[in-house]
Structures are given as C-alpha cells and as structure tokens.
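The whole structure should be built from the sequences, with the hints applied where relevant.
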Amino acid sequence: MVLLNEIINTVLKNRGKEAVKDIDESFHLRNDIGFDSLDLAELTVRIEAEYNVDIFEDGIVNTVGEIIQKINNK
Amino acid sequence: MDLFYSDISKNQETTWEKLLDDLNNTTKYNPYCYQQDFYSVFKHIILSLLLEKEIVLLDSDFSKEEIQKLTGLTNLNKNIFPIIKREKQVINNKTELINRIKDTGSNWSMTLFTSGTTGLPKKVVHSFQSITRFVKTTEINKANVWGFAYNPTHMAGIQVFFQALLNGNLIIRLFGLSKEQIFNSIKKFDISNISATPTFYRLLVPYQDSFVCVKRITSGGEKFDEKTADQLKQIFPNAKFTNVYASTEAGSLFAANGNNFFIKPEMELFVQIQDNELLIHKSLLGKSAFSDSEWYHTGDIVKIVSENPLQFQFVSRKNEMINVGGYKVNPGEVEETIRKIEGIQNVRVFAKSNSVLGNIICCEVVKTSDEIDEVSIRSFLQSKLQEFKIPRIIKFTDKISTTRTGKIKRS
Chain A
494 MVLLNEIINT VLKNRGKEAV KDIDESFHLR NDIGFDSLDL AELTVRIEAE
544 YNVDIFEDGI VNTVGEIIQK INNK
Chain B
1164 MDLFYSDISK NQETTWEKLL DDLNNTTKYN PYCYQQDFYS VFKHIILSLL
1214 LEKEIVLLDS DFSKEEIQKL TGLTNLNKNI FPIIKREKQV INNKTELINR
1264 IKDTGSNWSM TLFTSGTTGL PKKVVHSFQS ITRFVKTTEI NKANVWGFAY
1314 NPTHMAGIQV FFQALLNGNL IIRLFGLSKE QIFNSIKKFD ISNISATPTF
1364 YRLLVPYQDS FVCVKRITSG GEKFDEKTAD QLKQIFPNAK FTNVYASTEA
1414 GSLFAANGNN FFIKPEMELF VQIQDNELLI HKSLLGKSAF SDSEWYHTGD
1464 IVKIVSENPL QFQFVSRKNE MINVGGYKVN PGEVEETIRK IEGIQNVRVF
1514 AKSNSVLGNI ICCEVVKTSD EIDEVSIRSF LQSKLQEFKI PRIIKFTDKI
1564 STTRTGKIKR S
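As you go down the protein sequences, you meet chains A and B in turn. Residue 494 is where the first sequence starts when you use this note's numbering, and the numbers rise one by one after that. Residue 1164 is where the second sequence starts when you use this note's numbering, and the numbers rise one by one after that.
Quick caveat, the hints were computed from the structure, so don't treat them as lab data. Among the hints, a few may not be true.
[Unchecked claim] Derived Cβ-Cβ restraints for the label pairs, each shown as a range:
#: 1; chain 1: A; residue 1: Gly558; chain 2: B; residue 2: Asn1482; range: 40 to 48 Å
#: 2; chain 1: B; residue 1: Lys1396; chain 2: A; residue 2: Ser530; range: 30 to 38 Å
#: 3; chain 1: B; residue 1: Lys1390; chain 2: A; residue 2: Thr503; range: 23 to 31 Å
#: 4; chain 1: B; residue 1: Glu1457; chain 2: A; residue 2: Thr503; range: 48 to 56 Å
#: 5; chain 1: A; residue 1: Glu550; chain 2: B; residue 2: His1460; range: 52 to 60 Å
#: 6; chain 1: B; residue 1: Phe1559; chain 2: A; residue 2: Gly552; range: 51 to 59 Å
#: 7; chain 1: A; residue 1: Gly552; chain 2: B; residue 2: Gly1489; range: 17 to 25 Å
#: 8; chain 1: B; residue 1: Asn1482; chain 2: A; residue 2: Glu518; range: 39 to 47 Å
#: 9; chain 1: A; residue 1: Ser530; chain 2: B; residue 2: Glu1440; range: 23 to 31 Å
#: 10; chain 1: A; residue 1: Thr503; chain 2: B; residue 2: Asp1561; range: 55 to 63 Å
#: 11; chain 1: B; residue 1: Lys1342; chain 2: A; residue 2: Gly527; range: 43 to 51 Å
#: 12; chain 1: A; residue 1: Glu550; chain 2: B; residue 2: Phe1297; range: 45 to 53 Å
#: 13; chain 1: B; residue 1: Lys1342; chain 2: A; residue 2: Gln562; range: 45 to 53 Å
[As the list claims (entries may be wrong)] Simulated pairs of lysine to aspartate or glutamate, EDC-like, Cα-Cα distance not exceeding 20 Å:
#: 14; chain 1: A; residue 1: Lys506; chain 2: B; residue 2: Asp1372
#: 15; chain 1: B; residue 1: Lys1515; chain 2: A; residue 2: Glu518
#: 16; chain 1: B; residue 1: Lys1491; chain 2: A; residue 2: Asp529
#: 17; chain 1: A; residue 1: Lys506; chain 2: B; residue 2: Glu1537
#: 18; chain 1: B; residue 1: Lys1515; chain 2: A; residue 2: Glu543
#: 19; chain 1: B; residue 1: Lys1552; chain 2: A; residue 2: Glu559
#: 20; chain 1: B; residue 1: Lys1558; chain 2: A; residue 2: Glu543
#: 21; chain 1: A; residue 1: Lys506; chain 2: B; residue 2: Glu1534
#: 22; chain 1: A; residue 1: Lys510; chain 2: B; residue 2: Asp1536
#: 23; chain 1: B; residue 1: Lys1515; chain 2: A; residue 2: Asp529
#: 24; chain 1: B; residue 1: Lys1558; chain 2: A; residue 2: Glu550
#: 25; chain 1: B; residue 1: Lys1173; chain 2: B; residue 2: Asp1200
#: 26; chain 1: A; residue 1: Lys506; chain 2: B; residue 2: Asp1536
#: 27; chain 1: A; residue 1: Lys567; chain 2: A; residue 2: Asp547
#: 28; chain 1: A; residue 1: Lys510; chain 2: B; residue 2: Glu1550
#: 29; chain 1: B; residue 1: Lys1396; chain 2: B; residue 2: Glu1505
Treat the numbers as computed from the prediction; the structure is a model and nothing was measured. Idealized CB from N, CA, C, for every residue including glycine.
See the structure below:
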C-alpha cells in the first residue's frame, strides 16, 4: 500500500501539514493522521482516481485498514 | 470602398453596396435564421426588419433534436415564403437603408433563446423598441469601427449589431478567432470599439503590443477582475472601460465604471433588490413565457455599495454557488483570487460531487510559468481564502472550456 501512503501524504502536503511516516493499518484518519472533513473529501477523490472506488460511498471510514478493505473488496 | 463587414479568417470583405444588392435581390424569406456565417445572419436580420416580419434566431451549433424541441419543427424550410415586390421597395443607399430600419414598426419581432444554464434554452421575444432601447446614434458614433466579439445569435451580439448598424459602422468579426487574428484585425481596420465577455479579454492578455485606435472596451456577462483590466489598459491605452449589465430577457439595462453599477433616475422604479438578488420589472422585458409575475428574478446576486443613489456590484449568479458541506462557495471569487497569482493566465473553478461533502471544489488552470504547481497555488490561497473555498483538485490544461456565449463553463 505504498501508493495509499503517497496519496495520504499528498493530501497532507497540499494542506501545508507535516507528512506522516510509517503509516499502518491501525492509524485513525482523523486522530492519528490529522485529517479534517475537507481532507477526507480530497482523499476520496484521489483514491477514486487511482482505485476506482468511492471509500465513503456507504458511510464513514475511520482507519487506514478500513480503506484498504474497501479497495480490496471493490 | 465603404465596408459593412469583414472577417479576416475567411478573407471576407463585404461593402454596403454588396449588402444592398443582396437585400434588393432576395426573393424568398425564411423566418428561421439558422446560419453559421456572421454576414448571413446580419443580412437575414436586416431583411426581416425591412419586411417587418418575425425572425427567430437559432444558434448554428444547435442539433436537429434541439431545433425540433425549440421550434416544434422538423424542417425549417417549410415556412419559406416568396417576397412580393410591393412589400419591399428597392433601397438605393446606406442612409436610406438605416432610415428605413429606424422606422421599423410593431409587426417586427425577434425571438432568441437564452443560453440557459438550466437545461433547455428559454424562448424570449423582443420588439424593435425593446431591443434597441440602449442604442445611441450620434454624429460621433458614426466613425466607430466595431470589433464583433459575441455569437451573432445571442443577445449581447444583437445589441452590438444594432448599435453598429444604426450608426452605419463597419463590423469586424473577432469572435472565434485566434489571438493573433484578433490583434491583426484590430490593427488592420483601426477598430475603435470592442464589446466582449471578460473571458474573451482574458484570452487576449498579456500582449507585447499596444493599440491606440481602440477608444472603448465594454464587458459584460461576468465580473471583471482587476489584473485583466490592468493588462488590458496597457494594450489599449486610449480606451475607456465600461461594464454593462444585460440579459437575454431584458437587453442592456445599466452600465458601470469599474465594478460599481448605478441606476439612472428614470430606471429606479423598475429595479429592486430583494435578498441580495436583483429583480427587474416585467415592463422592461421582452415578451416571454416566464414574465407572468410583476418582477423578474434575475438570479444575479449583488452587493449594495450605496443606498442613495443606488449603487451595487455583481457578486455571482445564484445558481452558480457551490455547496461544500453546507458552506456556499462562489466560484467567481475563487477564480478571481487564483488569477492574482503570477504565472497563471486563466482558471476555471467548478464542482465535482463528493460522498463526504456533497461537492468538492476543483479547478483547471492555464499556467505560463513552470514554477506553478498544485502546492504553490494552494499555499498562496491559504492566506487569501477560507479553507473550504480552496480547490482540492487542481488540473493543468492548455485551454479553458467556455459556454456557447463565451462565458466560463461551470460543469
């Protein structure tokens, strides 16, 4: 999931926030990575462009692991 | 040689004499005007005026299906009728032609379709009086040369056409030409007046040369940003800048210097501002299907600058506001801010639907410097705009897509 890490850090960088190293599946998107709803909105667009899946389509996604699950289950 | 019309992209030069010949020799009339060539559209309109017959203007890029929906006709040629000699006297010269047109009676009407951002275009019918309300014919105006920078079947183009026609001015096509062709035309014909959308002007700047022949620059349809205005002033150092508020429904209504619009005393009773929206009294409108209520809601959001006398600025179009997680974003404001960045030539802001926020702000950017990237644009905007207004997806492109009227496309 190198690509997913890259996407997450692109969103952070665009927002002028510090990149996060060693992201693992347990990371919480808001609490650990520091995303707000605008960042999450951008994240969905970028993930959709790469993986063709809308991760928030059926409700809230909280952790990196849940995103990976969505991508794998598409 | 007294020229009536020219288009350098087609090597076309038409004199008034040729126009009169064409008019005098026409034997048939079709109320439906569906042509691509600008001169053909102009000639068609003049013929309708001389015959005092209805004319229906259709965009040359309407599809067959659209035409059928709008007119209810599958074949536009069914309504052609022969012109009876006594209906149309021979016209001998330009002055005679213009005087005849000025005498156009109440039988004449012009049907136009709004460029409608809401699906199918709306039909609007105008009389000679309502369409020429703002035409000024004076001795000074007789020497004008018009750069024609609108679609000839749209209201703005029609307004320019009548202003030029009734003053006997030469019309030079600029709409749809390349930047070089536009500047070549201005130089070749000493164009004195140009009326166009801000989008049209934005495509002209920056430019290394300047043209002293241009005396007046008029814009309308969108808000004009200061950066483009400043660059235009360098290209056209002798020009006065005017902003016009016009709509297909009402034609030209008021003008502004800079971005502040003012209402002339005689117009005060016909204009109202309600919940920041501009309302216009129905007596100023052409006849149309939706003018059944007393006041017409323009959908234009304004900001009052002073109450007495009334002055206001246009802020946005009502239906253009983008809802991002409950916050309203004016794409025009975002575009204006992005245009301030050095190295950005043009920008289009639009919405993309999003499962988190309802909509997300996106933009397309035309850049002239390699130093511009997504991060640099966003960091510039962070100090200028609220976070939810900043585009989250930025794409770089060579050309910004525009609507049929030459305004920036929002979807």
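Checked hints:
1. A/Gly558 / B/Asn1482: 40 to 48 Å: 41 Å, holds
2. B/Lys1396 / A/Ser530: 30 to 38 Å: 43 Å, violated
3. B/Lys1390 / A/Thr503: 23 to 31 Å: 29 Å, holds
4. B/Glu1457 / A/Thr503: 48 to 56 Å: 54 Å, holds
5. A/Glu550 / B/His1460: 52 to 60 Å: The hinted range 52 to 60 Å is violated for A/Glu550 and B/His1460, with Cβ atoms some 36 Å apart.
6. B/Phe1559 / A/Gly552: 51 to 59 Å: Cβ of B/Phe1559 to Cβ of A/Gly552: about 34 Å, so the range 51 to 59 Å is violated.
7. A/Gly552 / B/Gly1489: 17 to 25 Å: 19 Å, holds
8. B/Asn1482 / A/Glu518: 39 to 47 Å: 43 Å, holds
9. A/Ser530 / B/Glu1440: 23 to 31 Å: 30 Å, holds
10. A/Thr503 / B/Asp1561: 55 to 63 Å: With Cβ atoms ~24 Å apart, the hint is violated.
11. B/Lys1342 / A/Gly527: 43 to 51 Å: 46 Å, holds
12. A/Glu550 / B/Phe1297: 45 to 53 Å: 52 Å, holds
13. B/Lys1342 / A/Gln562: 45 to 53 Å: Given range 45 to 53 Å: holds, Cβ gap about 52 Å.
14. A/Lys506 / B/Asp1372: Distance ~41 Å between A/Lys506 and B/Asp1372 Cα, so the pair is violated.
15. B/Lys1515 / A/Glu518: 29 Å, violated
16. B/Lys1491 / A/Asp529: 18 Å, holds
17. A/Lys506 / B/Glu1537: 10 Å, holds
18. B/Lys1515 / A/Glu543: Between B/Lys1515 and A/Glu543 the Cα gap is close to 16 Å, so the pair holds against 20 Å.
19. B/Lys1552 / A/Glu559: 28 Å, violated
20. B/Lys1558 / A/Glu543: 15 Å, holds
21. A/Lys506 / B/Glu1534: 17 Å, holds
22. A/Lys510 / B/Asp1536: 17 Å, holds
23. B/Lys1515 / A/Asp529: 19 Å, holds
24. B/Lys1558 / A/Glu550: Cα-Cα ~24 Å, so violated.
25. B/Lys1173 / B/Asp1200: OK: B/Lys1173 and B/Asp1200 at ~10 Å, within 20 Å.
26. A/Lys506 / B/Asp1536: Judged against 20 Å, a Cα distance of about 12 Å means the pair holds.
27. A/Lys567 / A/Asp547: 9 Å, holds
28. A/Lys510 / B/Glu1550: Holds, because 13 Å separates the two Cα atoms, which is no more than 20 Å.
29. B/Lys1396 / B/Glu1505: 18 Å, holds
When the structure is compared with the earlier hints, violations turn up for hints 2, 5, 6, 10, 14, 15, 19 and 24 and for no others.
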